[in-house]
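Asker: Chains as they are written, first to last, in this note's numbering: chain A, 1 to 360; chain B, 361 to 666.
Hints may be right or wrong, so weigh each one.
[What the hints assert, rightly or not] The following residues of chain A were derived to be distant from chain B, with all beta-carbon distances above 12 Å: (1) P12; (2) T113; (3) N184; (4) N247.
[What the hints assert, rightly or not] Covered stretches of chain B, going by a simulated chain A footprint (3 or more residues, C-beta under 8 Å): (5) 532-541; (6) 590-602; (7) 635-645.
[Said to hold, decoys possible] Restraint-style ranges between C-beta atoms, simulated for each label pair: (8) R525(B) <-> R3(A): 27 to 35 Å; (9) I197(A) <-> T420(B): 56 to 64 Å; (10) A194(A) <-> L618(B): 42 to 50 Å.
Simulated from the structure, these hints should not be mistaken for laboratory data. Keep in mind it's a predicted model, so treat the numbers as computed, not measured. Idealized CB from N, CA, C, for every residue including glycine.
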Amino acid sequence: MIRLERRPQPSPIWSMATPLVAVLATMIAGGLLFAALGKNPVEAIRTIFWDPLFGEFAFYYRPQLLVKGAPLVLIAIGLSLGFRAGVWNIGAEGQYIMGAICGAGAGLAFYPTESVLIFPLMVLAGGLGGWAWAMIPAVLKTRFGTNEILVSLMLVYVAEQFLASVSLGLLKNPEGFGFPGSRNLQSWDSAHNAELIAGSGLHWGVVAALIAVIFAYVLLNRHMLGYHIRLSGEAPRAARFAGVNPNRLVLFCLGLSGALAGLAGMFEVSGPSGQISIDFNVGYGFTAIIVAFLGRLHAFGILLAGGLMALTYIGGDIAQSNMGLPSAAIQVFQGMLLFFLLALDLLTNFRIRIGQPEVA
Amino acid sequence: MDLSAINPVLLIASLMVAATPILIAAIGELVVEKSGVLNLGVEGMMIVGAIAGFATAVETGSPLLGFFAAAFAGAALSVLFGFLTQVAQANQVASGLALTLFGLGLSALMGQSYVGVKPPQMSDIHIPVLSDLPVIGPILFGHDIILYFGLALTAAVWALLKFSRAGLVLRAVGENHDAAHALGYKVVRIRLMAILFGGACAGIGGAYISLIRVPQWTEGMTAGVGWIALALVVFASWKPWRALLGAYLFGGVTVVQLNLQAAGVAIPVEYLAMSPYVITIVVLVILSADKSSAPAALGRNFHASR
Chain A
1 MIRLERRPQP
11 SPIWSMATPL
21 VAVLATMIAG
31 GLLFAALGKN
41 PVEAIRTIFW
51 DPLFGEFAFY
61 YRPQLLVKGA
71 PLVLIAIGLS
81 LGFRAGVWNI
91 GAEGQYIMGA
101 ICGAGAGLAF
111 YPTESVLIFP
121 LMVLAGGLGG
131 WAWAMIPAVL
141 KTRFGTNEIL
151 VSLMLVYVAE
161 QFLASVSLGL
171 LKNPEGFGFP
181 GSRNLQSWDS
191 AHNAELIAGS
201 GLHWGVVAAL
211 IAVIFAYVLL
221 NRHMLGYHIR
231 LSGEAPRAAR
241 FAGVNPNRLV
251 LFCLGLSGAL
261 AGLAGMFEVS
271 GPSGQISIDF
281 NVGYGFTAII
291 VAFLGRLHAF
301 GILLAGGLMA
311 LTYIGGDIAQ
321 SNMGLPSAAI
331 QVFQGMLLFF
341 LLALDLLTNF
351 RIRIGQPEVA
Chain B
361 MDLSAINPVL
371 LIASLMVAAT
381 PILIAAIGEL
391 VVEKSGVLNL
401 GVEGMMIVGA
411 IAGFATAVET
421 GSPLLGFFAA
431 AFAGAALSVL
441 FGFLTQVAQA
451 NQVASGLALT
461 LFGLGLSALM
471 GQSYVGVKPP
481 QMSDIHIPVL
491 SDLPVIGPIL
501 FGHDIILYFG
511 LALTAAVWAL
521 LKFSRAGLVL
531 RAVGENHDAA
541 HALGYKVVRI
551 RLMAILFGGA
561 CAGIGGAYIS
571 LIRVPQWTEG
581 MTAGVGWIAL
591 ALVVFASWKP
601 WRALLGAYLF
611 GGVTVVQLNL
621 QAAGVAIPVE
631 YLAMSPYVIT
641 IVVLVILSAD
651 KSSAPAALGR
661 NFHASR
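Please put together the full structure from these sequences, using the hints given.
Answerer: This is how it looks when you write it as structure tokens:
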């Protein structure tokens, strides 16, 4: 007879170990999936997790790790604060898009002026754009009690349509021969989010992500507001008695996660991707949800998880071109990771007892 | 712009078709939420149902078999959710999101060889005399069988919840799982059955999109319909007939905006296309003031500790 017994306290050992076990379990299940698709599972796993770091062309892929990891970490840090407080912002993809549009739009308004002020202005506009988009579910929740999960998610679809609209209209490159998409920001020095050290992949977005990690760590562990965030998530009633204003927390958590997602979008559009186009977003906003959970909603955990998830993106691309592994297989792989993680969390909160219960 | 080209009879008939996937998925989720479980994976189960139904219909040539396969696929995916939340005690919001992310990937993988394929057509029913009536005929008596199934399902769920003992037990579990457990009801088992039902409904709803509404397969084709169904449950105040009303409202918005696009109204296409989502938000705001009818145990996990 197997039964579950709730632990008085979550096990700290299992709390650290479950992400690792989940990754291993996902590799095994993913291997089976790849085998079912007719690919060599060992080769596929090696291509995804080993080659980008230590393979023959690792010098090319390692910088990509920063490029792909930075937006994931930046968004996931913001989401993790909200998730801890029980504020579910799942519309980061929309905030990412709006940040990119506002950032690029603010810059392009001054084209072709060259000035050192343009890039900071774009950063500001990008953050504000994401913040404003996240304020919609936040204000609706605090004013009318509307469910923030549904509203933030609906706004992703609205943002996608808006992106299509501006890349065909407002921000379309006038010298683009009628093709949809904005001017290329990479070829305009004042707006280009260039690598700080050539060939390293280190751009301003990476710097911002690192700052966000440290900021989130300090906020959660050394600051009253962070304590209130954790308290509201773990014991909402106690938080109310302690005088925590839930509305202010909702506004703060959604606003901050929106601003960070907006920044991520802005750094992406002015750097690696280069221009606003209809399909410039690739789902970082959704993958960041997995990153946040995989990192245990902990700032440094998210840093590691972001790196790992970036690895699956890069490795997935390699496996796609070398082995013909469909790109959707990587999406399934990432989804499985979250499943295993949630299932294995059981071990953190419960003890598994085998045998008859003792008579108390 | 030529608005006179829009035929009101066809408009209402196609409104009913557009509303059906939302309705079926919402009724399924309504039962799940009545049992006290919040499954945010409707979108994921719908899209997996859409491709499973599509693939089966193409391979066997029978759309009806496709719908059965879709119900099975949706239910199979919901088992994962049921295991996570009912057995492994995982957070319901996170598990639902995981289901959606996983379902979107899985469906893209399954659907690779079905892009651009034409599915076998589901024939509309034809009742002599009745279907040939002007106006009423095409609106009431000229649809496919699944559309009527959706209406029957709404009535059945309403009657079940309101009049039957099983409905009473389901509601008891959703209102207060500790009390229901103390009365000897198997809370976890009842919730698992509700989750399975919700999964099957979401699957059928998804297949309705890929087999009848569109009909073809494209990646991510459910485009938020699952989320709209979730919103629908909230503003139906967990009442089946209000879900029907809401689904027809949404079907109406979708069809009208598509017709306006075709008629070449001066509003850009993108703004028309975002209207169903914006209207969902607006209706949510108007109706979310009243939360009194939400099942009291919604979203809370149950573990029978001694």
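Asker: Tell me the hint numbers this structure goes against, listed in increasing order.
Answerer: Checked against the structure, the only hint that fails is number 5, while the rest are satisfied.
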